[in-house]
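Chemist: Spelled out from the first residue to the last, the chains are:
Number of protein chains: 2
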Amino acid sequence: MKLVALAGGVGGAKMAYGFAQTLPPHQLTIIVNTGDDFEHFGLYICPDLDTVCYTLAGLANPITGWGRANETWQAMQNIKRLGGPDWFKLGDQDLGTHLERTRRLKQGDRLSEITRDFCRAWGIGPTVLPMSDQPVRTIVETDQGDLPFQEYFVQRRCEPRVRGFRFEGLDQASPAPGTQEALEAADAIVICPSNPWVSIDPILHLFGWRSREETPWFGPRRPPIVAVSPLIAGQAVKGPAAKMFAELGIEPSVLAIVDHYRWLLNGIVVDSSDSEIAKQIKIPTLLTDILMQSAADRIRLAREIMEFIESLS
Amino acid sequence: MKLVALAGGVGGAKMAYGFAQTLPPHQLTIIVNTGDDFEHFGLYICPDLDTVCYTLAGLANPITGWGRANETWQAMQNIKRLGGPDWFKLGDQDLGTHLERTRRLKQGDRLSEITRDFCRAWGIGPTVLPMSDQPVRTIVETDQGDLPFQEYFVQRRCEPRVRGFRFEGLDQASPAPGTQEALEAADAIVICPSNPWVSIDPILHLFGWRSREETPWFGPRRPPIVAVSPLIAGQAVKGPAAKMFAELGIEPSVLAIVDHYRWLLNGIVVDSSDSEIAKQIKIPTLLTDILMQSAADRIRLAREIMEFIESLS
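In order, the protein sequence lines correspond to chains A and B. With the numbering used here applied, the first sequence closes on residue 313, and no number is skipped along the way. With the numbering used here applied, the second sequence closes on residue 1313, and no number is skipped along the way.
Accuracy of the hints is not assured; some may be wrong.
Distance windows between CB atoms, simulated [said to hold, decoys possible]: (1) B:1087 x A:62: 52 to 58 Å; (2) B:1123 x A:248: 48 to 54 Å; (3) A:243 x B:1166: 55 to 61 Å.
No lab work stands behind these hints: they were computed from the structure. Glycine included, every Cβ here is placed at the ideal spot set by N, Cα and C.
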């Protein structure tokens, strides 16, 4: 089975790790949101891409889920002493990634090429693709004005009330080289348990997948698409997904997730604790433990999802 | 006595430290070469300015003379793993300086303002000024072509044979705010034991001090100017000064130093080991131990130079 996973940050990275331990490398492509990317201190930072790569390489901080294991904070401490902004935590090892990526972008290399080379250096087998080589920027429209994503997410700790989202640069951006080929060859597509509004929607909108009518397809056949719920019992495992649904007037639940992706999904993966509400879901549903606390959890879930996908056809 | 010191990197920083321990803060201004500055990994790096500031703040690496004490190299190790260039060593603490400087330059602050704020944060009393807020770039003309300074100095280890130097951007640059006032108020100017060709000449040329005829003055009176030889027994204490003199067909010695600054100097400070050759010097000469191995050496030398300057008037 050739699988394409669409991923944001921590949840997406854990799910991707599960598939990476289950499928041969050439059968897995992970397409990662770049709407969170931003420039800070002159560096080009790709939080989701780095979280996915660090996780796949076994370099991620197991406690936070983002950043590097055994990280040090010397640069940040000096920045703080100099009165600089310290709301976005840049670890010393992590800085090496941003520095080398920035250097290569400035010399004209594409983000997808750089990501390919980084993955090779880190010993990552599956193909990791940024959704686009062109900048797409998620803007969170809030009661306190429009905020670039990292400002909303990290600096303001998701406190402003959300009114909507837009993805600047989307019309000028195209999917990165390799995404189309991966989607054409895919036997299944998995939407990882990432935030639908700010991690997955940027990818779907970039592909032109915005409604049943508008959704073009990249190849002659459309493989099954399955989403893993980022909500368990109405709560996000991590991040503001539930808060965003609520502020947009939508009851946060697996039903909201199914509805969000309604023109795309052939199946949904839901936590066992949602078994009661899952009875209202009208598409094939896999009920299982979807909270990934250990590496073993990730692998088990990946295997169950692949069996579920096979049962759909 | 109000003193202005003109400084490059390690030698200049040690000399400046000596004066900083000897004079009240408001009586000392250090004007630092920025011809070595360069952009690397998207960061704006000022090697001489940082060496002077780290030294004055007691943060410098006592072994190398440049960089930070107790430095770590996590970012650099990751850059190396990713196949990035590692010829210019960027320590983790040091990176904090470059990151915050770059951030502030990008938001429109001037290098002199940023340096002032950094000095305040690091508890540095004397005034440290970059020679200019505009970019001036030292180009080393060699038998292997024209090389930006850091490429010649660090990446090529000063191996190419020198044919000449030029300072790009000099005509569009002006002395940084505060330099003119400091020079007007100065009771003496000390040219630190830095490389005449690539550390001091950029400053002198920026001021328009290129020959006896061409040397304008900033104020109504010209204070005595004294140089401390960067050569001892024909050898540079550090760096390529002696090699540069030789490759330009000039015997490297204190005589060459006196000749290099001939239209400016009222006195020269020479190492005791050069006492024989010093007999040929036709301007007032202070013979003393000028090798600064300890903090005590720096302070003693600074005091002797101040006494020497007083003896000149």
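Chemist: All hints are to be evaluated individually against the structure, with a verdict given for each.
Modeler: For each hint, the structure was consulted:
{"no.": "1", "hint": "B:1087 x A:62: 52 to 58 Å", "verdict": "violated, 34 Å"}
{"no.": "2", "hint": "B:1123 x A:248: 48 to 54 Å", "verdict": "holds, 50 Å"}
{"no.": "3", "hint": "A:243 x B:1166: 55 to 61 Å", "verdict": "holds, 59 Å"}
The structure is inconsistent with hint 1 alone, although it conforms to all the rest.
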